[in-house]
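Student: Read off the chains here:
Protein chains: 2
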Amino acid sequence: MPVLPDKLVRELTGIMGRERVFTAREDRLCYSYDGTFRQYLPDVVVKPGRTEEVARVLALANREGIPVHPRGAGTGLSGGSVPYGGGIALVLTDMNAIYELNREDMLARMGPGLVTAELHRAVEKEGLFYPPDPGSAESCTMGGNVAECAGGPRALKYGVTRDYILGLEVVLADGRVIHTGGRTVKNVTAYDLTRLFTGSEGTLGVITAITVRLIPRPRAVCTMLATFRDLETTGAAINAIMGAGVVPRTLEIMDQLAIKVVEKFSPCGLPQDAAAVLLIETDGDLEAAQREAGVVEAVLKKAGAAGIKMAANPAEAAELWRARKAVSPAVGRIKPTKISEDATVPRSKVPAMITRLGQIREQYHLDLVIFGHAGDGNLHPNILCNRKDADEMQRVEKAIAAIFQAALELGGTLSGEHGIGLLKAPFLRAELGDDGLAVVESIKRTLDPGNILNPGKVFPSAAGGK
Amino acid sequence: MPVLPDKLVRELTGIMGRERVFTAREDRLCYSYDGTFRQYLPDVVVKPGRTEEVARVLALANREGIPVHPRGAGTGLSGGSVPYGGGIALVLTDMNAIYELNREDMLARMGPGLVTAELHRAVEKEGLFYPPDPGSAESCTMGGNVAECAGGPRALKYGVTRDYILGLEVVLADGRVIHTGGRTVKNVTAYDLTRLFTGSEGTLGVITAITVRLIPRPRAVCTMLATFRDLETTGAAINAIMGAGVVPRTLEIMDQLAIKVVEKFSPCGLPQDAAAVLLIETDGDLEAAQREAGVVEAVLKKAGAAGIKMAANPAEAAELWRARKAVSPAVGRIKPTKISEDATVPRSKVPAMITRLGQIREQYHLDLVIFGHAGDGNLHPNILCNRKDADEMQRVEKAIAAIFQAALELGGTLSGEHGIGLLKAPFLRAELGDDGLAVVESIKRTLDPGNILNPGKVFPSAAGGK
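These protein sequences, in sequence, are chains V and D.
Per this note's numbering, the very first residue in the first sequence carries number 349; after that it's consecutive.
Per this note's numbering, the very first residue in the second sequence carries number 349; after that it's consecutive.
To be clear, the hints were calculated from the coordinates, so they are not data collected in a lab.
Errors might be hidden in some of the hints.
Because identical chains share one entry, a pair is satisfied inside a single copy or across any pair of copies.
[Stated by the list, open to error] With a straight-line cut-off of 20 Å between C-alpha atoms, the simulated SDA-like cross-links for lysine to any residue are:
hint, residue 1, residue 2
1, K746, G523
2, K650, L579
3, K746, E789
4, K473, L785
5, K649, L605
6, K683, L449
7, K473, V595
8, K649, K736
9, K649, H468
10, K650, N587
11, K473, G593
12, K473, A592
13, K650, N450
14, K746, L785
15, K650, R366
16, K395, Y381
17, K657, A445
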């Protein structure tokens, strides 16, 4: 793909002014990557400030057949926002206002560029709560959260992004603007376009405004950390907790390698001989949170946990969380390339999946760290490697295929919360089957006949192989 | 539409046996209606017992261009399952098995013909909970619940059907069978087909198996009934409850006419001079349910409720519910035709909507009873009339249009939980706009190019006018 003709760049400048259109190589480099190791240079970067500008950019791109790659903060972990094949990087971070925060209707309306944690803080000040909390909440944007249907630890009890979206403003591939859903939780008027666009990874339309529902902020949270001497006991404990009639708000796991890496780079006092630790939170009314924490504690003891630390106050809880939050940055320091997967299995299959991941680690001689959301079966096996080591990368590729195969064999899915993007597109057929794939492809063709929206993503035919 | 040629009836018999294919007029009459006043005779009724039979019926119908109207128990309130234009009534009530009830993964898998209340009872025996509870739960089927995205009183706290569907087996218009979603709450692999089919009202595919997620059964419920002397106070109380940081599991309203009708036909001891009553439930752990009930009670008193009755035990709670559950049957006894609407507004607009409904009642001189789910803005204005009274029916038509206009003007939607079906199709454009309508129409054309699946429903172009 050649750099865009000057004429088109001038047209873009005409739409939104010179200060919102970038063609210098150093500017384009800034928007060439995401949270993966894939990198592609866009021909031009545009930063619209209003829906109308987005609409005019898409109308132009559709007319000229130019690829458009919508993106927010670029924290994605599946290559969903990298400008594969060049074209326009459509950066939505300037559309970041909270338009409305309505306590009575318990909803908020915002632009796609709003940082997720800023939404958290704004609504919590009002005694309200927006549960989805992806690991990158402090930097990722709500538009990206909707486009990928982000999850996070609290999804165990509260569900994922799709469960909180009431309505969307979407610019279609040809520049038309539609409004899906609305301001009510109950809405069954025609097809559920809101959830069709949620998780569509920028391939069906560009999200320019988001209405989310909010819930009352839980009044209390109890946090505990449990240590285990072997993985079997850990797995049994996870199942026992979920079988005890309690849904913790989070149930996070770190395996031995994750513990060691954390202790090496940002010591948290974790026992380095432990096979795994579980970080568990219950919430609700104080009495409910404490009762459920008591149930979990009893189950953990019975299941054979080697140690249980209950946080006595928010400061101690934050200290327990520090270890979990340190994993991702810490593993990034072992080797230059970190590949974070999110293959997900039914929760009863977590022990089996952990076993399979251990076998994959041995078979391909790789540094594979396991952590993630054990309670909903959404593990994050992270492979640490060096993308410049061709031999290692071959083993990595085989290991990734083996991880997906294991997840599907155990009744799971390729992706729990990161999306398919560029990296998992070659594997899509294995999960959807020929007919399922044909259906999603037909929807893509219907809504984006020119294939300008995020081309090369999600679909195996477009993914250019592995 | 003529009766199907014998050759095709024989082909249907070949697919599933003579005992599952019905052509006698009295059999066809049984499947000519639903919960509305619309009635159309199908040419043939088939009752498949397996997915493969459904697939072969659709392949045949698609080849021959025969309309197919999928249905369960026919309790729908928007004319979504009546065999408009004749063709095949595809009755799924025999596919009613629970295939799996999995405590560890907290999910259940079933056929579309399973009666909703039977699912409730089966999972509650295991300490689990399936929240959606449409008013017809004792007779409606899960397939219909998914096809219409059913709600019910408990949706206020727990959400609607779409929030509980993990995966679907769907037969496409041409007989291909696909599986959407899976067994995990977190699943972002390609587009959200699960929720595209949920609420698609039988126009995109036929649902032949359903996987739902379950939650732990709440340990305690507190039930109370509050009486009000005027509607303004009632509206203010509703807003005050929701603003107090409590989400009751139900917040139901009955207006004065609803109270009078109930007291006439099935006396429950409601105060007949009350302008409205609210039936409110809180749930959770006993302490949480009681604390929240206490908050609600205090808010009600402060807001000026004339009386509050708190149920001391389950028997008293059932007695309070008896009045609410008697409304629908009782209003049906006033006049021969009952039209139940479900226009929905943001909850802060409930008082305004009640005022508008009162004005509509006066303007068109109609018996209009208001009850429903005030907490989520999902009111059920019921118009009582006589379909044989042409003058009255003209006023009814105008009143219905006015109700929809009011809902949309207040930021609401045509349908909260009944679906668009036949009755609301003429109004769809007003809510979706031209471009939104074009998108849903394009999806319909893509997945059902021959327009055999439930033709005449949802889309205004096909609705044959009002």
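Student: It remains to establish, for every hint, whether it holds in the given structure.
Tutor: Comparing the hints with the structure gives:
1. Taking identical chains as interchangeable, the C-alpha atoms of K746 and G523 are never at most 20 Å apart, the minima being 41 Å within one chain and 36 Å between chains.
2. Taking the closest pair of Cα atoms, K650 and L579 come within 20 Å of each other only inside a single copy of the chain (15 Å); across copies the shortest separation is 55 Å, beyond that limit.
3. In this assembly of identical chains, the alpha carbons of K746 and E789 never lie at most 20 Å apart, being 27 Å within a copy and 43 Å across copies at closest.
4. Taking the shortest alpha-carbon separations for K473 and L785, neither the intra-copy value of 44 Å nor the inter-copy value of 38 Å comes in at or below 20 Å.
5. Proximity of K649 to L605 under the C-alpha cut-off of 20 Å is found in neither arrangement, the shortest distances being 24 Å within a copy and 58 Å between copies.
6. Proximity of K683 and L449 under a CA criterion of 20 Å is satisfied in neither setting, with 43 Å inside one chain copy and 44 Å between copies.
7. Taking identical chains as interchangeable, the C-alpha atoms of K473 and V595 lie at most 20 Å apart only when they sit on different chains, with a minimum of 18 Å there against 26 Å within one chain.
8. Taking identical chains as interchangeable, the C-alpha atoms of K649 and K736 are never at most 20 Å apart, the minima being 46 Å within one chain and 71 Å between chains.
9. For the identical chains of this complex, K649 and H468 are neighbours neither inside a copy (34 Å) nor across copies (33 Å), given an alpha-carbon limit of 20 Å.
10. In this assembly of identical chains, K650 and N587 lie within 20 Å of each other by CA distance solely inside one copy; the values are 12 Å within and 46 Å between copies.
11. In this homomeric assembly, K473 and G593 come within 20 Å of each other (Cα to Cα) only across copies, at 13 Å, whereas the closest approach inside a single copy is 31 Å.
12. For the homomeric pair K473 and A592, the shortest alpha-carbon distance between copies (15 Å) is at most 20 Å, but the shortest distance inside one copy (33 Å) is not.
13. In the homo-oligomer, the alpha carbons of K650 and N450 never lie at most 20 Å apart, since the shortest distance is 45 Å inside one protomer and 22 Å across protomers.
14. Taking the closest pair of Cα atoms, K746 and L785 never come within 20 Å of each other, the shortest separation being 23 Å inside a single copy and 45 Å across copies.
15. For the homomeric pair K650 and R366, neither the shortest alpha-carbon distance inside one copy (66 Å) nor that between copies (58 Å) is at most 20 Å.
16. For a Cα distance limit of 20 Å, the shortest separation of K395 from Y381 inside one copy, 16 Å, qualifies, whereas the shortest one across copies, 55 Å, does not.
17. Taking the closest pair of Cα atoms, K657 and A445 never come within 20 Å of each other, the shortest separation being 41 Å inside a single copy and 45 Å across copies.
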